[in-house]
Amino acid sequence: DAMVIQNPRYQVTQFGKPVTLSCSQTLNHNVMYWYQQKSSQAPKLLFHYYDKDFNNEADTPDNFQSRRPNTSFCFLDIRSPGLGDAAMYLCATMEVGNEQFFGPGTRLTVL
Amino acid sequence: QQQVKQSPQSLIVQKGGISIINCAYENTAFDYFPWYQQFPGKGPALLIAIRPDVSEKKEGRFTISFNKSAKQFSLHIMDSQPGDSATYFCAASTRHNQGGKLIFGQGTELSVKP
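These protein sequence lines are chains A and B, in that order.
Residues in the first sequence are numbered consecutively from 1, following the numbering used here.
Residues in the second sequence are numbered consecutively from 1, following the numbering used here.
I should point out that these hints are in silico values taken from the structure, not numbers from a laboratory.
A portion of the hints provided could be inaccurate.
Taking lysine-lysine pairs in the BS3-like style, the calculated list, with each CA pair at most 30 angstroms apart, reads [stated by the list, open to error]: (1) A/52 <-> B/42; (2) A/38 <-> B/101; (3) B/15 <-> B/101; (4) A/17 <-> B/71; (5) B/57 <-> B/15; (6) A/52 <-> B/15; (7) B/71 <-> A/44; (8) B/42 <-> A/44; (9) B/113 <-> A/38; (10) B/57 <-> B/101; (11) B/101 <-> A/52; (12) B/101 <-> B/113; (13) A/52 <-> B/113; (14) B/57 <-> A/44.
This one's a predicted model, so the numbers in the text were calculated from it and none came from an experiment.
Could you build all of it, start to finish, from the sequences and the hints given here?
Structure, rendered in structure tokens:
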């Protein structure tokens, strides 16, 4: 019974070719997060939505955008992927005051 | 001041032994301290969490010890098993009840030898 679902699990794109990663949740949580995790590093928060309010981290590159069309879905758009954007992208959700639930991640490869 | 410092970076423990991972912080406004376990190729999963009004919390073989005055907290894994081999992250957040974001430690790669 997956609660935070990420698609695809593996994504290969070419340098500069836009890519969209998807996250959906069955938990009806009001907060959704996108993290970038590189090998042997901690997850790095890119941005999050508190309901419809978008909160961007100060050091998130402009190349990364997000959309949350409804409570259940959130998308991460990478407009022009570079080699340095190859990473695991993690989606997480939270009902305020409770634990964050992470999805399984999407492994992005940039050729 | 927003950092959470975690040590050691890697840890090798014999089966049945005690694994201890430590974290330290500076921001006294942190009000929620979770520990996450992550297996290769998977997302992190919450293991155990503590609030600063409690000095210790135990769930099965996992215990968080919290020292508010020293601004430190640690994870103890009793009777460590090979299945515990994973990367462990401590984290902290402020205003957790208002949706505050998590600040992660650098992670500890634990290997439990049979």
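Hints and how they fare:
Annotation: proposed proximity of residue 52 of chain A to residue 42 of chain B holds, straight-line Cα distance about 27 angstroms (limit 30 angstroms). Straight-line distance between C-alpha atoms of residue 38 of chain A and residue 101 of chain B comes to about 19 angstroms, which keeps the hinted pair within the 30 angstroms bound. In summary, the hint linking residue 15 of chain B to residue 101 of chain B is not supported, as the alpha carbons are separated by about 35 angstroms, beyond the 30 angstroms threshold. A distance of roughly 45 angstroms separates the Cα atoms of residue 17 of chain A and residue 71 of chain B; the hinted pair therefore is violated under the 30 angstroms criterion.
About 23 angstroms separates the Cα atoms of residue 57 of chain B and residue 15 of chain B, which keeps this hinted pair within 30 angstroms; it holds. For the hint pairing residue 52 of chain A with residue 15 of chain B, the CA-to-CA distance comes to about 47 angstroms; that exceeds 30 angstroms, so the pair is violated. At roughly 23 angstroms between alpha-carbon atoms, residue 71 of chain B and residue 44 of chain A fall within 30 angstroms of each other, so this suggested pair holds. For the given pair, residue 42 of chain B sits about 16 angstroms from residue 44 of chain A by alpha-carbon distance, which is consistent with the 30 angstroms threshold.
For the suggested pair residue 113 of chain B and residue 38 of chain A, the alpha carbons sit about 26 angstroms apart, so the restraint of at most 30 angstroms is met. Our distance criterion of 30 angstroms between C-alpha atoms is met by residue 57 of chain B and residue 101 of chain B, whose separation comes to about 22 angstroms. Between residue 101 of chain B and residue 52 of chain A the CA atoms are separated by roughly 16 angstroms; this keeps the pair inside 30 angstroms, and the hint holds. Taking the CA atoms of residue 101 of chain B and residue 113 of chain B, the gap is near 35 angstroms; set against the 30 angstroms cutoff, the hint is violated.
With a C-alpha separation of about 47 angstroms, the suggested pairing of residue 52 of chain A with residue 113 of chain B is violated against the 30 angstroms cut-off. Annotation: proposed proximity of residue 57 of chain B to residue 44 of chain A holds, straight-line Cα distance about 27 angstroms (limit 30 angstroms).
Hints 3, 4, 6, 12 and 13 from the earlier list are contradicted by this structure; the remaining hints agree with it.
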